[in-house]
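Could you put the whole structure together from the sequences, leaning on the hints where they help?
Each chain, letter by letter, is given below.
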Amino acid sequence: MKRSYVIKRILYALFIFIVVLTLNFFIPRLGVRDPAERYYPPQGAMSDIEYEIIKQFTREQYGFDVSTFQQYIRYVRGLMRLDLGTSLRPGSPRVVELIGQRLPWTLVLSVTTLIISLIIGLLFGTLAAWKRGRWQDTLLLNASTISVALPSFFIALMLSFYLGFELELFPAYTNPNMVAEFDWSWNAIQVVFNNAALPIMSMALGGIVGYSQSTRNSVIAVTNEDFVITARAKGLSHTTVLYKHVLRNALLPLATSIGMSISGLIGGAIIIERVFNWQGMGTLFLEANSTNDYPLMMGIMLFLSAFAILANLVTELFYAILDPRVTVGDKR
Amino acid sequence: MSQRNVLLQVARRGGSFLSLVRKIWQHPKGRVGLIMVGCLALVAILAPVLAPYDPYDVTQRAAKGLRPSWEHPLGTTITTGQDILSMLIYGSRVSLAIGLTTGVALAVLGALMGVMAGYIGGPVDTLIMRIVDILLVIPTLPLIIVLTNLLGRSYFVIVLVFVAFGWTGLARVIRSLVLVLKNSNYVKAAELAGASRWYIMTKHILPGTSHLIIMNTTLTCAGIMVAEAGLSFLGLGDPTAISWGKMLAEAQGGGALLFGAWWWILAPGAGIFLAVFSFMRIGIVMEEVFNPRMKASSSIHKLFKHLNHSYLDEVFRSMEDDGGAESTEKPDPAEPSTTEGGHD
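Those protein sequence lines, which keep their order, are chains A and B.
Numbering follows the working numbering, in which position 72 of the first sequence is assigned residue number 81; successive positions increment by one, without gaps.
Numbering follows the working numbering, in which position 253 of the second sequence is assigned residue number 257; successive positions increment by one, without gaps.
Hint data in this document are derived by calculation from the structure and do not stem from the laboratory.
As the structure is a prediction and not an experimental result, all values here were calculated from the model.
A portion of the hints provided could be inaccurate.
Claimed, not checked - Which bits of chain A does chain B cover? Going by a derived footprint, with three or more residues having C-beta under 8 Å, they are:
#1 85-93
#2 292-305
#3 313-324
Note that CB positions come from ideal geometry on N, CA and C, so glycine has one too.
Below is the structure:
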């Protein structure tokens, strides 16, 4: 891999990050009024000077004592120390800490979902490609068409209703004490996965459909390649050709999509987390939104964007290692 | 056959809008889709005539939580006794209106950006593609939540936000087609004959992309309808209107799960499913008509990018020139394809 290519990609990612950071700072700001106007106590018997002092104090508390641009500089400076500011919640917890508390819970959902949908999707997709045109393939295609048109939160509601309330197989709502009582014991881990079962199922369906269809297409494309025909002509067994020649090449594009999938899953878990009241980043964001807690909202948005940029960068570099043609010349 | 030729083929299978509809009609799957969309449109337009009860009437204390029966074919809600069939009929208005307006507006903006980036090239191209790159990494659902909070929760705002952040996918597809068309002989001939840029763009390039635009718009409509339902479900839709997503949220909030009122959940879900499914059908058939080499599975692959677990995010990430489109044919290493999945 050329070093200049790597540097170019990293610099570009940095540029995108700075633009996103700036947008992320100014867009939510548009809706934020001067906290002194918003939270001020009634003037009452206070003299004008006293009143002005109180207002000024409120402004300083919320960092509104300087111009917006200076606030932006302050924000960027804080960011370099990995400080995303403080939330407006009672007790002023730091945004970084809040995100840190909730992130693992969202990761439990998204990573498990990704693993499950990858495994099942790969199996189904390979099967469909191998049995191309036969009933297995048709069945999978029809099932995919139908499930793609079902919103995941509707699937979540139905699962919660049927498996949760009717059959009582899994908790229909997340146990509210789960997070507080978690202590890394085997029992606690079981409780977590028991509670996560329904959210994961409702998120995994889309992933299974997507991965199985893309695996199918990718496997079929590789099967038509000359080297596969050669391998067959040599008299290698079907399974050897499948594992050693077809799958290895067919799965490359899938491998590169994983990074973006995770970042998409984290951002997209918002609705599913809401359905099951799962205490992850999604519910944190919705809470922040309903209380107008803009430092927290900005923090979460910035985190998600940074994650996506990083995933993009890693994917690009990874792809360049796998396919050196990418680094030669500018493709655009 | 390379991606380039596939794109050219799509561009050449021209014809008027009517002939396009006729082609879809001749396809059995397409006919089903068209009929379903037609029915939906009729239901939405005739909602006040068709609805047996007033869907906004929340005073029916005697009729709370009725199971489906002849009087209330889809039952009533358990909190306020609203007739679910009537709510469902009125809800179709929101889905269709938002899906169609957003789809059309997205098509216009995306095509404009794509044609400008592809045909003018140079700094314009760079600028547009940079914006695309930036919009792709911003988490769309959180951003939409922030913006609806900021600008107010009306459908106008929702459409505006969808359009402002959703054009990137179409722009990329169109751009790659335009890059191919730009080098075709008839465009070169027009340039030599002294035609202005504007003339070439509107008379030669844009007609060539029209089918790709219509095809993508149909699939986008389906994606947007799901996205809108998701927003309404989160309580971010217009609070005064009845929509399917909001019905689902009310059902969950009103204890439909707890009291076993399955009809309250199933009805709006089926509404969303039918609407999305019929648009999808038409989109898939269109791809088959224009590009017979493309199998239905690749449109599903494309749609998956829309409606994936994180549908809102993916709706907008979709429509990039997908790997699915060329996957049924051999890649041609001699000719660098004009479109790359992901990043070019």
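Here is how each hint holds up against the structure:
no.: 1; hint: 85-93; result: violated (count 0)
no.: 2; hint: 292-305; result: holds (count 4)
no.: 3; hint: 313-324; result: holds (count 6)
The structure is inconsistent with hint 1 alone, although it conforms to all the rest.
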